[in-house]
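Chemist: So the sequences go chain by chain: F and P.
Counted from 1, the first sequence has number 179 at position 179 by the numbering used here; the numbering is strictly sequential.
Counted from 1, the second sequence has number 10 at position 10 by the numbering used here; the numbering is strictly sequential.
Hints are computed from structural coordinates only; laboratory data are not their basis.
Be careful, since some hints might not be right.
[To be verified] DSS-like cross-link-like pairs, simulated, lysine-lysine; straight-line CA separation at most 30 angstroms: (1) P:K174 / F:K335; (2) F:K245 / F:K271; (3) F:K335 / F:K78; (4) P:K80 / P:K60; (5) F:K96 / P:K174; (6) F:K291 / F:K253; (7) F:K206 / P:K59; (8) P:K54 / F:K335.
[To be verified] These stretches of chain P come out as covered by chain F in the derived footprint (C-beta under 8 angstroms, 3 or more residues): (9) 68 to 77; (10) 91 to 97.
No residue lacks a Cβ here, since even glycine has one placed at the ideal position from N, Cα and C.
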Amino acid sequence: MSDYHIEGQQFESSIGFVETQSVEFSSLPLDSGLTLAPVTIAYETYGTLNSDRSNAVLLLHALSGDAHAAGYHPGDAKPGWWDMMIGPGRAFDTDKYFMICSNVIGGCSGSSGPGSVDPATGREYGLRFPVVTVPDMVRAQKLLLDHVGIDRLLTVSGGSMGGMQALQWVTGYPEMVSSCIPIATTHRHSPMQIAFNEVGRQAIMKDPNWRGGDYYGQTPPDSGLAVARMIGHVTYLSDESMQDKFGRRLRDKEVLGYDFTLDFEVESYLKHQGEVFTRRFDANTYLYITKALDYFDLANGRGTLVEAFGDVAPETRFLSIAFSSDWLYPPYQSKEIVRGLKGNGLDCTYVDIHSSFGHDAFLVETDQQTHVISHFLDVTARRLRARSA
Amino acid sequence: MMGLSNAPAPAPYPADTIARNPHGERLDHVFIVDLVEPGSRVLDLGCGRGTLLKMLVDKKQVRGTGVEIAEERVYAAVEKGLSVYHGDIDEGLSDYPDAMFDYVLLSQTLQQARQTVLLMRDALRVGHRLVVSFPNFGHWRPRLHLLLRGRAPVTHSLPYEWYDTPNIHSLTVKDFRLFADAQGMRVVRSFFIGRTGEAHVWPNLRAEHAVFVLEAGVGYNDPIHAGP
């Protein structure tokens, strides 16, 4: 996802300062057959858990996200990645719900990842870090929820890779989840999605500074990571949004340069996005997370998608959201998810939000998402109360 | 609410002219709400802003879901607490297993659907009963309009010019009965609405709107009906 700064966003209307917490667990068995030990998980919480612990919402981040979904860290100019969606009166209303968001394992923002120190060697893991999957990420989050004392989730929600985790949650722990809001996502990565990720990985691994992943303490493979981010960033935009934002405008020049310095505004923008990204993201994590995305196939080993949703509790509610100009995770992929749900007679709302912002729309189109999510959560909470009464 | 969608505004809602009771409820809606048994499972194809489905949920505690193509109307239905699929009615229907619903509603939708036969057959596959309502072109006003003025009817219940109508099928009460019969569908109930109230005498002349309740009839699954 992109680094968006929404115009007119005020610190005053946000939830204010927040803090990332951290917890360590002894070990986590992984899909690969390996075990990750120990496991650190970084997380943030917003709002208050109610007395019967029925208002917990698990928010799940995308490829480049982290535990910091909302509010500000001291000294930060920008709030968390989904700030406009989280807070008093917002979609995930901190006056009503208790939100929890953690950095995925394999990440580079506080949770165990390839940049963490391997206790066996005393050095950073690098590629000795085990390959993790979306189900592994979810199992790690389950450890966290057990630690926090939450055994019931009002909803699980996220965009892109966050949506995949949400789907994994509702199928992996159906007894815990009352509703699921997968956004701009898929039940399995398509060849096109895998292809873009592989281009990004190759850019990193071809950077001489990558050194087989053992670059910690030395010059990191920033140019490779920046190129990976540039290609990724293009897939988050749309033809229309790039037309609107850049057109064919030239950058700091009146005429074409007839050389290979930057000519166009869009080139300069991508270069900037790539460079900024290297300051906050670890190249090895980019390899691990994109690999987890590519491996994701919800029905893998469980037959059809309809069968994959077969264990979901019948009263579970779904809200599937897609965006009309999202060509990375196109609406047809969300419709496939809905088809699998309908095949089980599950209660599902599907909205294809008209937007020109491409895949990034899930971070930008907050009005429409706020409308549907807040009403959806109201009904979900009301039904839950009616059932437990 | 208005202006929430970035999408182009949808076509005007075709059924605003249907007669209402003193509570402001449309008579076709009242008939359908009376018809449906409490706790039924209902699929409303072309649910619009969800007015009918919300009545069914509130008064008959149905387990309902709607299908609607216009984004703005989907938001309005979600605001009512309803579950809605944003898309074409065809794709909204085909993914359901057999016999998922007690009632499938085509309320003021059939005249705008392209694949009439496939749609109705698929509706009777996923639902036990099919409720269809539509504006009646056999009403005396459109008949007179065409006869005396020699122009395509623009009337109270059919308020569109030929070049600007969402109705791609023009049908009468009699047309529909013949069609249902030919399809092996049995008419279980029917209800006819005139300008101000029910019109059960000479409905094809006096009804502006008709509501039919259909089930699979004897021989419905015979090969003669099974294909389009």
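Chemist: So, against the hints stated earlier in the document, which numbers end up violated here?
Modeler: 1, 3, 5, 6 and 7
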